[in-house]
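Construct the entire structure; sequences and hints are all you get.
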Amino acid sequence: MQSKTIELGVFTGYSLLSTALALPDDGKIIAIDIDREAYETGLPFIQKAKVEHKIQFIQSDGNKVLKEFIVNGEEGTFDFAFVDADKDNYINYHEELLKLIKIGGVIAYDNTLWGGSVAVSDEERWRAI
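No gaps in the numbering here: position 7 of the sequence shown is 19 in the working numbering, and each next residue is one more.
One or more of the hints may lead you astray.
When the alpha-carbon atoms are kept at most 25 Å apart in a straight line, the in silico DSS-like pairs for lysine-lysine are as follows [stated by the list, open to error]:
| no. | residue 1 | residue 2 |
| --- | --- | --- |
| 1 | Lys99 | Lys16 |
| 2 | Lys111 | Lys76 |
| 3 | Lys79 | Lys99 |
| 4 | Lys60 | Lys40 |
| 5 | Lys114 | Lys79 |
| 6 | Lys16 | Lys62 |
| 7 | Lys16 | Lys76 |
| 8 | Lys40 | Lys16 |
| 9 | Lys111 | Lys79 |
| 10 | Lys79 | Lys16 |
| 11 | Lys111 | Lys16 |
| 12 | Lys40 | Lys114 |
| 13 | Lys40 | Lys111 |
| 14 | Lys111 | Lys99 |
| 15 | Lys16 | Lys60 |
| 16 | Lys40 | Lys76 |
| 17 | Lys16 | Lys114 |
| 18 | Lys114 | Lys99 |
| 19 | Lys62 | Lys40 |
| 20 | Lys76 | Lys114 |
| 21 | Lys40 | Lys79 |
| 22 | Lys99 | Lys76 |
It is worth saying that the hints were derived from the structure and are not from the lab.
This is the structure we're talking about:
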């Protein structure tokens, strides 16, 4: 069975390249970012590694694409998701990805601890200011 992954927030493709290299040759990555130009900056490295055939780049808002996948019956069909997009939307991405990732699949997030600030209560944060 084909491995299928989602990456939200691609930028220049460093983590995208890492994921593509880890996937089997028939694996597929749906790479979603609003900035195609940044993706194209890293594209020569993806091409040099000969993994471009694994990547489908979608220039769009991540929330919109995830909702479209759900409407189109893609629930429970992805093995892995990596999120490195706008941090304010992490909770929204998480809710949709829970529907899309298979049981036993993995969702990974970049910068989730945000310098440890997630462990500090709002009250403590405001007191520090």
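Comparing the hints with the structure gives:
Between Lys99 and Lys16, the direct Cα distance comes to roughly 23 Å. Compliance with the 25 Å bound is thereby established for this hinted pair. For a cut-off of 25 Å, the pair hint linking Lys111 to Lys76 stands: about 14 Å separates their Cα positions. Annotation: proposed proximity of Lys79 to Lys99 holds, straight-line Cα distance about 18 Å (limit 25 Å). Of the supplied pair hints, the one linking Lys60 and Lys40 holds, its CA atoms being roughly 18 Å apart against a limit of 25 Å.
Annotation: proposed proximity of Lys114 to Lys79 holds, straight-line Cα distance about 16 Å (limit 25 Å). A C-alpha spacing of about 18 Å is found between Lys16 and Lys62, which places the hinted pair at or below 25 Å, so the restraint holds. For the given pair, Lys16 sits about 19 Å from Lys76 by alpha-carbon distance, which is consistent with the 25 Å threshold. Pair hint Lys40 plus Lys16 holds up; C-alpha atoms about 5 Å apart against a cutoff of 25 Å.
Restraint check for Lys111 and Lys79: satisfied, since their Cα atoms lie roughly 10 Å apart, inside the 25 Å limit. For a cut-off of 25 Å, the pair hint linking Lys79 to Lys16 stands: about 17 Å separates their Cα positions. At roughly 14 Å between alpha-carbon atoms, Lys111 and Lys16 fall within 25 Å of each other, so this suggested pair holds. Between Lys40 and Lys114 the CA atoms are separated by roughly 15 Å; this keeps the pair inside 25 Å, and the hint holds.
For the proposed pair Lys40 and Lys111, the alpha carbon gap of about 18 Å is at most 25 Å, so the pair holds. Proposed proximity of Lys111 and Lys99 is supported: the alpha carbons are some 20 Å apart, at most 25 Å. Proposed proximity of Lys16 and Lys60 is supported: the alpha carbons are some 22 Å apart, at most 25 Å. With a CA separation close to 20 Å, the supplied pair Lys40 and Lys76 stays within the 25 Å bound.
For the hint linking Lys16 to Lys114, the alpha-carbon distance of about 10 Å falls within 25 Å, and the restraint holds. Taken as a hint, the Lys114 and Lys99 pair is honoured in the structure, with Cα atoms around 23 Å apart against an allowance of 25 Å. Straight-line distance between C-alpha atoms of Lys62 and Lys40 comes to about 13 Å, which keeps the hinted pair within the 25 Å bound. Distance check on the hinted pair: Lys76 and Lys114 sit about 20 Å apart at the alpha-carbon level, within 25 Å; holds.
Distance hint between Lys40 and Lys79 is fulfilled; the C-alpha atoms sit about 19 Å from each other, no more than 25 Å. Between the alpha carbons of Lys99 and Lys76 the distance comes to roughly 16 Å, so the proposed pair stays at or under 25 Å and holds.
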